[in-house]
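Starting from the known structure of chain A, fit chain B onto it as the hints suggest.
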Amino acid sequence: GIQVEQSPPDLILQEGANSTLRCNFSDSVNNLQWFHQNPWGQLINLFYIPSGTKQNGRLSATTVATERYSLLYISSSQTTDSGVYFCAVERWANNLFFGTGTRLTVIP
Amino acid sequence: EAGVTQFPSHSVIEKGQTVTLRCDPISGHDNLYWYRRVMGKEIKFLLHFVKESKQDESGMPNNRFLAERTGGTYSTLKVQPAELEDSGVYFCASGAGGRFNEQFFGPGTRLTVL
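Going down the list, the protein sequences come from chains A and B.
In terms of my numbering, the first sequence has 29 at position 29, counting the first letter as 1, and numbering is strictly consecutive.
In terms of my numbering, the second sequence has 166 at position 58, counting the first letter as 1, and numbering is strictly consecutive.
Just chain B, with the same shape it has in the complex:
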């Protein structure tokens, strides 16, 4: 069974440009999460989807970040316009949900904003 996949693995963009990250969860997992680690700090939660609905987006830093999960399958996270402080590693995770909701992480996308 395939794990969580993310694309691209690396992205280098100029400040002010737009970048879109993609996450494909484990098949059958209704719960999808985005996290990020910036400046060597701890990994922090961004938002949580249940199927196509945003369950919790309390971790989204500002309105330059837009996440979608059309059809309840893969998800995209768009950063527009990107700022220097957005550099870091963006992780996606998925889980089956319920009381015992183990989360499985993708390999991450390393974003560098110059």
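Excised from the complex, chain A in its bound form:
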């Protein structure tokens, strides 16, 4: 299957700081999604972004499919942003391949 690598594995930020999370994948993909797993374990959809750039409030994402990576930007971080961020990609079979996640901790 396709390999999905996320970096950094852990990130600690002061509230108000900005951050960039990276997702590299080993082969061409049809689709890519970013998720936030909150402290209750729920996977919240952030972006569906097979290519290009999207923005939603303080979050934005960019996928460069030809270079096999995606970036998630978090600006003016808040404590509620804490949790694990997952990148997942889909090839031909409709099932998602997940990365191991980036654990973000935002300190007040």
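Possibly wrong hints are sitting among the right ones.
Below, in silico cross-link-like pairs of lysine-lysine (DSS-like), each with a Cα-Cα straight-line distance of 30 Å or less [unchecked claim]:
1) B:K186 with B:K123
2) B:K123 with A:K54
3) B:K186 with B:K149
4) A:K54 with B:K152
Examples of chain B residues toward chain A, derived with CB under 10 Å [as the list claims (entries may be wrong)]:
5) R145
6) M147
7) I151
8) L154
9) S166
10) P169
11) F199
12) F208
13) G214
Simulated from the structure, these hints should not be mistaken for lab results.
Glycine included, every Cβ here is placed at the ideal spot set by N, Cα and C.
Only chain B this time, still in chain A's reference frame:
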């Protein structure tokens, strides 16, 4: 509109017992998926339904796992008999299908096998 729901949220069972997990997808979504995360590892695909048919079950770990989706609505995932290594979080997701198939996940069922 209701999201994907899963029941139960937690289940604690003894090794050798049977457990059945349920997933209700978003209304109108033909595609339903099961995933799981065990031992803090990455979330991994188990199987995919299109309506009531199994499209892909390549991720099912062994024949102790049985998934059904009668009538193409809700789905169940049965583990019989459960083993210690089955402990983890089981997620269900649904999607409308087609080329732009965004998947939406349920809250998961945390399974603990003692």
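Hint by hint, here is what the structure shows:
1. B:K186 with B:K123: holds, 14 Å
2. B:K123 with A:K54: Given pair K123 of chain B, K54 of chain A is violated - Cα atoms ~46 Å apart, limit 30 Å.
3. B:K186 with B:K149: Distance ~21 Å between K186 of chain B and K149 of chain B Cα, so the pair holds.
4. A:K54 with B:K152: holds, 26 Å
5. R145: holds, 8 Å
6. M147: At 12 Å from the nearest chain A Cβ, M147 of chain B fails the 10 Å test, so the hint is violated.
7. I151: holds, 4 Å
8. L154: holds, 9 Å
9. S166: Constraint on S166 of chain B satisfied, holds at 8 Å.
10. P169: For P169 of chain B, the interface hint is violated, since the closest Cβ of chain A sits about 15 Å away, which is over 10 Å.
11. F199: Holds. Min distance 7 Å.
12. F208: holds, 7 Å
13. G214: Holds: closest Cβ of chain A sits about 8 Å from G214 of chain B, inside 10 Å.
Consistency with the previously given hints fails for numbers 2, 6 and 10, ordered from lowest to highest.
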